[in-house]
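Asker: Residues per chain, in single letters:
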Amino acid sequence: MGGNRKIVMADTDDNIDNIENSEKSIAMLERGYQAILEFIDQMDEISRLQDKIDITANINQIWNVFLNELQNLIKMDGCALFLVDDQDHEFVLQSASPLSISSVCQNEIEHQIECGMFSWIINRRKPALLPALVLKSEKTIIMLPLVTAKHTLGVVLIITAIEESAITQENMKLLAMLAKQCSLVMENSLLYDRLRKDHESLRKAQRQILQAEKLASIGRLTAGASHEILNPLNILSGYIQMLTLQGNPDERTARYLTIMSEQTERISRIVNGLYQFSHAAGSNMDTVQINALLRKVLQLFEHEHKYDNIHNVMNLEENLPAIQGNVDTLSQVFFIMLSNARDAMPKGGELRISSKSVLSENLAEGTGIWIEIQFRDTGHGIPEAEIDRIFDPFFTTKASKNGTGLGLSLSYGIILNHGGTIHVESQVNKGTIFTIRLPCY
Amino acid sequence: MAPKNLKRIINQIDDLPTLPRTVLKITELVNNPKSSAREISSVITDDQVLTARLLKLVNSSFYGFPQKISTITGAIVLLGFDAIRNLLLTTSVFDMFSSRSRENRMIQESFWDHSLGCAIGAKVIGTYLRYEKVEELFVSGLLHDIGKIVEMLFLPDDFAEVRNVVKIRNILIITAEEEVMGFTHPDVGRLLAEKWNLPLKLVNILEHHHQPEQAGRFIQETSIIHLADILCRAIDLGSGGDRKIPSLNSEAWASLKLKPNVIEPILHEMEREFQDISWVVTGK
Chain A
3 MGGNRKIVMA
13 DTDDNIDNIE
23 NSEKSIAMLE
33 RGYQAILEFI
43 DQMDEISRLQ
53 DKIDITANIN
63 QIWNVFLNEL
73 QNLIKMDGCA
83 LFLVDDQDHE
93 FVLQSASPLS
103 ISSVCQNEIE
113 HQIECGMFSW
123 IINRRKPALL
133 PALVLKSEKT
143 IIMLPLVTAK
153 HTLGVVLIIT
163 AIEESAITQE
173 NMKLLAMLAK
183 QCSLVMENSL
193 LYDRLRKDHE
203 SLRKAQRQIL
213 QAEKLASIGR
223 LTAGASHEIL
233 NPLNILSGYI
243 QMLTLQGNPD
253 ERTARYLTIM
263 SEQTERISRI
273 VNGLYQFSHA
283 AGSNMDTVQI
293 NALLRKVLQL
303 FEHEHKYDNI
313 HNVMNLEENL
323 PAIQGNVDTL
333 SQVFFIMLSN
343 ARDAMPKGGE
353 LRISSKSVLS
363 ENLAEGTGIW
373 IEIQFRDTGH
383 GIPEAEIDRI
393 FDPFFTTKAS
403 KNGTGLGLSL
413 SYGIILNHGG
423 TIHVESQVNK
433 GTIFTIRLPC
443 Y
Chain B
18 MAPKNLKRII
28 NQIDDLPTLP
38 RTVLKITELV
48 NNPKSSAREI
58 SSVITDDQVL
68 TARLLKLVNS
78 SFYGFPQKIS
88 TITGAIVLLG
98 FDAIRNLLLT
108 TSVFDMFSSR
118 SRENRMIQES
128 FWDHSLGCAI
138 GAKVIGTYLR
148 YEKVEELFVS
158 GLLHDIGKIV
168 EMLFLPDDFA
178 EVRNVVKIRN
188 ILIITAEEEV
198 MGFTHPDVGR
208 LLAEKWNLPL
218 KLVNILEHHH
228 QPEQAGRFIQ
238 ETSIIHLADI
248 LCRAIDLGSG
258 GDRKIPSLNS
268 EAWASLKLKP
278 NVIEPILHEM
288 EREFQDISWV
298 VTGK
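Residue numbers (the working numbering), protein chains in the order written: chain A, 3 to 443; chain B, 18 to 301.
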């Protein structure tokens, strides 16, 4: 550049010198030109990286693609990825290659944070080379901030034996471009992931609202009806009792009266069920020991159905904390669980009943200690098409003699009233698992 | 612009100062992607004064670097190659024009204060916008009125007349330039930037800082300088040679997508940084 102009203005004495100079300049420009072409090629390659990654790829898959590219770009001893944690906004080691450098990298980052270098580099948003604090002095570290216009996603730490003075502008520029591409792809994937989760939880909430709405409308309907039925039923059962007490009915009449009495009892039970269903349970909250209650209900149940060819296995965790609940309604739920399991195993089978305490970290459920009760049968299971409907009122798979179709929706309401959850998993011809979770307050 | 007058500047331009060889050499090196930090640092360290200046600048509050940077190589790999080139440009531009003329000293100093204020303003705005190359904005701010300095030093009579017109009629200096000379300081700035082989972006910023909408793809950078120019007049950092504040170009403002309520904090930040840095750059 400078050389060309000089030729024009030069005195003849200097001509030879100048020609030499400009030849040197031209050679240098030529080399620069070649280098730029090469650089553009590499840029082009990096810009095509995005095509290799699907939007549904997770962070680790994305990272592997970029790690590969980084390794092509610069000779390195190791490389670690730190990502910003969503909750406490700290940089957390996500991946290290080779794995053995994990702790060194962690240590290095901590020291860099402490001396203020780390935040300086993150704020500057550009790759930087810096002397290692923890690593051996002959190593250089390169920090690549992963940032987009709005977010700081993390940082890549590269350990290299290349001396800092041998680093070229090309190295730095390509690293910067790669980091930018990587950030964009990662951000896309993170946003996609978040959207998917939001969508899922919205759908779940929608299902719950739908279920609650169904229950509420059934409740309104039945509250009135059940009252109307119970009145004439009382009159009916009064007369049956009167007939039983009056005189000595013959054997046949006595049998008929017993049947009538039993069946009015049954109507009364169903209608009471409906009534309870329509009224919020949980008015009498008490301290409940789940294990004791389970044992008591099972005892009653076995007594009533001892002829069944079902093997019960209890696996209860001792010293469970007590919960606040309604003994009557909870017994009802357990009873429903047991009778459903029995009905699912007409030829016999095994019913495993277990209880344990779990620590929930799921924010949607609320953190804290929960009691988990499981009923696991080996019955005929529930077809997939029906599993969404089993908590619906009046939905039943049982022969009309046995089922009212209210048991599970009643249970659902009761558990919900206790602040708990009830959940079903089933496989046809393998069995069904009901999982109830109740919070300990 | 009248061709006759433009020609007059071109004729004079060979007499204009050239950038120091070191800076030219560095520019060449930086243009080659294969240049290593070692090559660049060896060119810089050949010049003792430049080395000292550069280290002083990288360790100044401009960068707020948490530790001392003691070597040029260290500075290059930490700050990046472009940043170093821009820093060199910054320091040498100051050298070139200082202490040339005694009579113009006062106005020259207030010009430099204005340029420095604009440079800092550009950097602060750039930081708000998360612009990637704040050093580039800094240099652009510093050089945006270089045309005025050239006029003052190389066309002293014309420039005195311009100043006179400004004083009597209280108009913008750019309007007076147009009337008296037929060309303006952005025109001169562009010519100088081209002569110095400065990057196309800088050439455009210098040429269009009064009409950023004409800067094409450099509209954002040019608008930053445009706004910084106005802001440092508002807080009286130096003087642009007139007593009027150019009006804010609406397209420029729109291109920045800034909220009006950030102007106040930007002004405070500018004043603070101006105090911090003026001694480092000017060596005063």
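Keep in mind that the hints are not guaranteed to be accurate.
Taking lysine to any residue and the SDA-like style, the derived pairs with C-alpha atoms no more than 25 Å apart in a straight line are [what the hints assert, rightly or not]:
#, chain 1, residue 1, chain 2, residue 2
1, A, 175, B, 149
2, B, 150, A, 132
3, B, 274, A, 294
4, A, 26, B, 274
5, A, 141, B, 149
6, A, 175, B, 82
7, A, 175, B, 127
8, A, 138, A, 186
9, A, 358, A, 294
10, A, 175, B, 51
Every beta carbon over 12 Å from chain A, so not counted as near; a handful from chain B, in silico [claimed, not checked]:
#, residue
11, 48
12, 52
13, 91
14, 97
15, 98
16, 99
17, 100
18, 109
19, 150
20, 196
21, 253
22, 255
23, 259
24, 263
25, 289
None of these hints come from the bench; they were simulated from the model. In this text the structure is predicted, and so the values were computed from the model without any measurement. From the three backbone atoms N, C-alpha and C, an ideal C-beta is built for every residue, glycine too.
Asker: If a hint holds in the structure, say so; if it does not, say that too.
Answerer: Here is how each hint holds up against the structure:
With a CA separation close to 13 Å, the supplied pair residue 175 of chain A and residue 149 of chain B stays within the 25 Å bound. Annotation: proposed proximity of residue 150 of chain B to residue 132 of chain A holds, straight-line Cα distance about 20 Å (limit 25 Å). Between residue 274 of chain B and residue 294 of chain A the alpha-carbon distance is near 67 Å, which puts this suggested pair outside the 25 Å criterion. Pair hint residue 26 of chain A plus residue 274 of chain B does not hold up; C-alpha atoms about 48 Å apart against a cutoff of 25 Å.
Distance restraint check for residue 141 of chain A and residue 149 of chain B: the Cα-Cα separation of roughly 28 Å exceeds the 25 Å cut-off, and the hinted pair is therefore not satisfied. A C-alpha spacing of about 21 Å is found between residue 175 of chain A and residue 82 of chain B, which places the hinted pair at or below 25 Å, so the restraint holds. A distance of roughly 38 Å separates the Cα atoms of residue 175 of chain A and residue 127 of chain B; the hinted pair therefore is violated under the 25 Å criterion. The suggested pairing of residue 138 of chain A with residue 186 of chain A is violated, with an alpha-carbon distance near 33 Å, which exceeds 25 Å.
Between residue 358 of chain A and residue 294 of chain A the CA atoms are separated by roughly 13 Å; this keeps the pair inside 25 Å, and the hint holds. A threshold of 25 Å between alpha carbons decides the hint, and for residue 175 of chain A with residue 51 of chain B the separation of about 11 Å falls inside it, so the pair holds. Under the 12 Å C-beta cut-off, the non-interface status given to residue 48 of chain B relative to chain A is violated; the minimum distance is some 6 Å. Not every CB of chain A lies more than 12 Å from the CB of residue 52 of chain B, the least distance being 6 Å, so the non-interface label is violated.
With a cut of 12 Å on Cβ distances, residue 91 of chain B falls inside the contact zone with chain A, its closest approach being about 7 Å. Interface exclusion of residue 97 of chain B from chain A breaks down, the closest Cβ pair being 6 Å apart, not more than 12 Å. For residue 98 of chain B, the non-interface assignment is contradicted: its Cβ lies about 4 Å from the closest Cβ of chain A, within the 12 Å cut-off. For residue 99 of chain B, the requirement that its beta carbon stay farther than 12 Å from each beta carbon of chain A is not met, with the minimum near 8 Å.
The claim that residue 100 of chain B is not at the interface with chain A is violated, since a C-beta of that chain comes within 12 Å of its own (minimum 9 Å). Every C-beta of chain A lies more than 12 Å from that of residue 109 of chain B, the closest at about 15 Å, which supports listing it as non-interface. At the 12 Å boundary, the C-beta of residue 150 of chain B falls inside the reach of chain A, the nearest C-beta of that chain being 9 Å off. No beta-carbon of chain A comes within 12 Å of the beta-carbon of residue 196 of chain B; the shortest separation is about 34 Å.
Residue-level check passed: residue 253 of chain B sits 30 Å from the nearest beta carbon of chain A, beyond 12 Å. Distance check for residue 255 of chain B against chain A: the nearest CB is about 28 Å away, which clears 12 Å, and the non-interface claim stands. With 12 Å as the threshold on Cβ separation, the claim that residue 259 of chain B sits away from chain A holds: the shortest Cβ distance comes to roughly 36 Å. Once the 12 Å rule is applied to beta carbons, residue 263 of chain B is consistent with being away from chain A; the minimum gap is 30 Å.
Under the 12 Å C-beta cut-off, the non-interface status given to residue 289 of chain B relative to chain A holds; the minimum distance is some 17 Å.
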